[in-house]
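In numbering that gives the first Met the number 0, the protein residues as written are 0 to 170.
Calculated from the structure, these hints are not laboratory results.
Being a predicted model, the structure only gives us computed values, none of them experimental.
Misleading hints may appear alongside valid ones.
Think about it this way: if two alpha-carbon atoms lie no more than 25 Å apart in a straight line, the pair counts; the simulated SDA-like pairs of lysine to any residue are [as the list claims (entries may be wrong)]:
1. 27 / 45
2. 118 / 139
3. 118 / 63
4. 82 / 33
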Amino acid sequence: MNGCAAWDGRWSGSPGGGDVEIVLPLHKSPAVRDVLLPELDGHQGVSLVEPLGYLDFAATLAECDLVLTDSGGIQEEAPSLSKPSLVLRTTTERPEAVEAGSARLVGTDPDTIVAWAEKLLDDPVEYRRMASAGNPFGDGRAARRILDQLAEDFAADVPVGLTASGPYSTA
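Please build the complete structure, drawing on both the sequences and the hints.
The following block contains the structure:
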């Protein structure tokens, strides 16, 4: 990994950089923990937390300014909350977010990652551009559409004599 040296001191001189905090939910795998814990131990501004349940994750995501991730699922979640994402990979199975402009592939080079994070934290125009790119995975109104359709379906007249059949029928 050896990336923490790139973080140390880099943001402390940036505008607002002294208050940058990295929240890192630890992976459950001992193999991953055995690499991360010694690497990150003692680094100022890094909070190592146990894996988060969905509600805690969503609350943490809502409070953050910037997402650094290699997770495809998080690449889908972040645009829903207008959070720019730096994808710590060279490829992604979620190219929609990159194409929409809400995410950027930055690879795994620590200097490149830090440079892009600094750019987004220090450049309000670039930050707003990514944050306002929209969500290519939907508009957040699927549940409302489903409820509206169900209400319409249940309000419709049911033909007389209609019965259920099959393995789940009570008839």
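Hint-by-hint comparison with the structure:
no., hint, verdict
1, 27 / 45, "holds, 18 Å"
2, 118 / 139, "violated, 28 Å"
3, 118 / 63, "holds, 16 Å"
4, 82 / 33, "violated, 30 Å"
Comparing the model with each earlier hint shows violations of hints 2, 4; every other hint is respected.
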